[in-house]
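Asks: Those protein sequence lines, which keep their order, are chains A and B. The opening position of the first sequence corresponds to residue 0 in numbering that gives the first Met the number 0, with each subsequent residue numbered one higher. The opening position of the second sequence corresponds to residue 0 in numbering that gives the first Met the number 0, with each subsequent residue numbered one higher.
If you're looking for bench data, these hints aren't it; they were derived computationally from the structure. Warning: the hint list may mix true and false statements.
[Unchecked claim] Label pairs and their in silico Cβ distance ranges:
1) B:W570 <-> A:L53: 24 to 32 Å
2) A:G61 <-> B:Y436: 22 to 30 Å
3) A:I2 <-> B:G223: 23 to 31 Å
4) A:G61 <-> B:P309: 48 to 56 Å
5) A:L53 <-> B:F426: 36 to 44 Å
6) B:A572 <-> A:L53: 15 to 23 Å
7) A:S29 <-> B:F296: 29 to 37 Å
8) A:L24 <-> B:A414: 35 to 43 Å
9) B:L582 <-> A:A49: 26 to 34 Å
10) B:A572 <-> A:L24: 37 to 45 Å
11) B:L6 <-> A:S29: 15 to 23 Å
12) B:I514 <-> A:S29: 54 to 62 Å
13) B:W418 <-> A:I2: 18 to 26 Å
[To be verified] Only some residues are given here: those of chain B computed to face chain A with a beta carbon under 7 Å:
14) V10
15) F14
16) V43
17) A199
18) K210
Even for Gly, the Cβ is constructed at its ideal location relative to N, Cα and C.
Chain by chain, the residues:
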Amino acid sequence: MGIDIRFPLGLLFLLLGSILTVYGLRSDPSLYRQSLGVNINLLWGVVLLAFGALMFVLSRLGARAEAPAEKSPQPPRSSSH
Amino acid sequence: MTGIDWLILGVYFAFVLGIGVALKGSMKTSTDFFLAGRAIPAWVCGLAFMSANLGAQEVIGMGASGAKYGIATSHFYWIGAIPAMVFVGIFMMPFYYGSRARSVPEYLRLRFDEKTRGLNAISFAIMTVFSSGISMYAIAKLIQTLHVFDGVFQRLGLNSSWIFDFAIVISAIVVLVYTFLGGLSSAIYNEVLQFFLIVAGFLPLSYLGLKNVGGWSGLKATLGASYTHSWAGMSHANTNRLGVEWFGLVMGLGFVLSFGYWCTDFLVVQRAMAAKSMSAARRTPLIGAFPKMLFPFLVILPGLIAIALPTQPAVPPHARVVVSAEPPGQGIIPFKVDANSGKPMLDKDGKPQLDYDLAVPSMLLHYFPPGMLGLGLTALLASFMSGMAGNVTAFNTVWTYDIYQSYIKPGATDAHYLWMGRVSTVFGIAFSIAAAYMANHFNNIMDMLQLVFAFVNAPLFATFLLGMFWKRTTGHGAFTGLLAGTAAAAIHHGLTLPAGAIVGIKGGWLAVTHIYPSEMAQNFWTAICAWSTCFVVTIVVSLATRAPDESKLVGLVYSLTPKPEEEPMAWYARPASLAIMVLAGTVLLNIIFW
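In isolation and in its complexed conformation, chain B is listed as follows:
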């Protein structure tokens, strides 16, 4: 990084912190801090809704998948996000926002009972802390691998082994300061800033890359059909790069996983709860869906280009990369190098593995001169911070309202809970840092934790679907359904194995009864299994237990809630019109990239 790059990074940091400082004065009640006073305009919430999910893992991971699987990765957007975003806006937001619940777990208490809320709140709180730690680890590792700070560290005479710690501490402090001062408003406003910055940093990358490879047709000619079609070959798992057949994809990713995330995860739903009115809350996910629909061109396309470029040792002089005898990879993606031996890591066939996670960063270094490089790296950092702030603000709310106020200290003053919100912001970030170091030292523990979280999350949407649309669903039903769904996910994972994997963390730890063609197929079917089990068990147990009192379910269940009144607004701004537009756009994109 040269002086100009540092200047750009510095300007961005100044703005991020400035927003926190500017908002400090308006944090008077806990509602201001945790729910942004429910006063944010729809378009701001919409961009934040999308941006909170756009962590570094998303940007790096989607580029990596683009290089590995091709344009089929866009299924994670077009099938795996848009329909769920439309559903939560049109059908579910009336209950989330209308019930005046302050969090998703709180909705569960209003609709069901204390134990269902407790289960959700506690697992969610642990999950957010760990996922923000994991993304912190990922970005610090990336900064270390890219050697972006090496030049400065050398000049200052610092030991370059501190770069990892430096990257963690600096980003943690920035996120801490702005969320501590301005709470959710600060996080949301910064997510909007980060959204535009990510677009500004990545759009020129796709432009230069496409220009270089001769546009989409040039890319098609270089990579072939398997990389450049999203649906062709989906009829069977062996004829597409994902290794999944269409049914597993549509049901597993498009229904269970995507609805489970976008419709029930408080991290994103919180952004809509902060909206200033019911119609703004309903439009939040719909507005977020428009950029979401187009993001594959920003984050997946660079991955495809990276693999399509002629193989070369791309080391631009200004990047101050410590030039090593790094073996070339494919395209501009290097081979994965073992940190201890310095040799490329081999897969089970003895072939060197590609380090796909470096696809997007390699592209940045390849095309961007000083100046743009600063903007590109700032965009990467911004994506990381927006993801982390999303986790932190969701964590402090669930902790304060659903755990602290409910179980530890009920009945305190609002000022006390506002104070607790700030305190929990500090220890939430402290735990994340601890988790980041844990990830650095015990990779296996992190893999296992993520697996457990996947088991816990998989059945959630069945509970919400039944809770919102079937008034007979009872608290006992929901609670047992959730536990049964999680157990079903674990058992399914324990009985199956992806092709070529070793028994253990990848599955098969009970007995190997079925081999899936890919890990992705196994994940999707684990989710389908968990969802179906939860759905059936919740219905059966609900019917066996006493029906809930209907008068208490008004505003929480579809059939007992009056339809939300439409405010007078232009036809194109109405939730239903937005939904139709975004769905039509998605269908069109699927046809174009068939």
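Same shape as in the complex, but just chain A:
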């Protein structure tokens, strides 16, 4: 109802992923001594970006699949009968 949650979900993670990735690229490497030398911001930022992109694409595909379905006179909705 209302919204396809994958859209805001994708958007949120694209945004969070970009923030972490950019910060990870630009921050001082000495920051990562506490995370065992792993640039966790960069690494995890990229993972979140990929997840965000996936959700975003899925929500667009979903919207495209739904559009023709809504035009048909009898929408193939799953029912509870």
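Use these hints to put chain B onto chain A, whose structure you have.
Replies: Quick look at chain B alone, frame taken from chain A:
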């Protein structure tokens, strides 16, 4: 917290509120507001089903138990949740969803009578308000202890004693805005967001922690067998860290408590009632069970790692922790410090107690640099807000449908009840804030309330089991059974005491007739006692009273309801297939971590 951390927190808040605003326009009827228009897809409901339960107490508490009891804590997931989630999806959802009841108390009225519904509705409404208050208190206390806002408060020249109030008010306002605007849909969509955020914030923690301690085998070598086996040693209460024997664990936790929560608590069941079809409703708990099965690796594992690390005063400079002469603890878990004297609190043997609740937060501060730290703390806040919104949406529904519409103002227009839903959202949150302050000032009252709630909840599943699967069960039977079960729980608690505890809130207030090896064992047996009493009394009283009219029970009782028709769908998406998959996965995990 540095600028980047605030930015992440800000982005998250913007999305949470944005969802509420986006949904505002579609709240036209009370069904839209309280039941999300019964139009939510199964996977969304499933994640919300799991996430509504994933409050801050869960994340903090499970990490704390991980540090205290080891991997055996996963029993709370593998025994204490999965079987019940499968049961409610396969066997009970046809009656909840099929009866078109709008709440669990309403189902009780349809199946039994007004008094049983009233008892359940009123106790549930009070309970939700208090538990959301208690979790609000817990998170505000945590923020205060971690000193996350201290830097900002100092820079702004504010008194740092306001941090507690600030944390309560800010989270209350955010939850209020999005539940007020978008009702249950908003809560459910946000729970999905929160679910992914919690995974995003905690997964790197387990990854870095495991890398540090040399993987699972390294953890095993450091901590020893008692921490890293879930079943070995369960034959006797004295040979495992939980202090419970297998029968108490399986019956108390795995049957009574877990089925009582996952199958009857409207907080979670409401998420399935919002599903768009019967099959979506049945799949809701089953879909939720998959991530539930894997969550021990996110929330329990960091606790184990925290206790396994070499003891050190871990104070990363960027956390702006006010460096004090805090004594070290074990691993990176500090000792519990008395707020007044500043000295570590001692247990009955004179040894300092560890503050296990700080296990997960200490891990966040230990491993996460700025950036990830913001994400980790946002995940913590998200878990808190999803738990609180769950309570608030369940409260406003039960209040409006089961108390207000039934006893105070029946027969009003739908628009009026929609308005009442919004009003009750506001005062539900106001009461929660009051409860949070009460918890801050009178810790003992809160402990006692939680105890009373435990007594009220313990027998519930016996009533539902009999109600759904034995058509002879009567309203009088159910009502007396519930009261008797609650009384039995109280009496059992009053007669027993966990080893080493003082008579009073921990039990034994009538007379000490039995000493349990641990508080957990006492809790499990209290529940078993309450359930059995309710079960027997309900049967006896039902047989002694007039049988209910069978024509009125169609759709409410198993033997009088036609089997739900399966929609055509892929074999792997059917409820039964999902159930088998998740049960097989759980068995496998139990074998691996035997």
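Asks: For a quick check of understanding: which of the numbered hints are violated here, in increasing order?
Replies: The structure conflicts with hints 2, 3 and 8, although it agrees with all the remaining ones.
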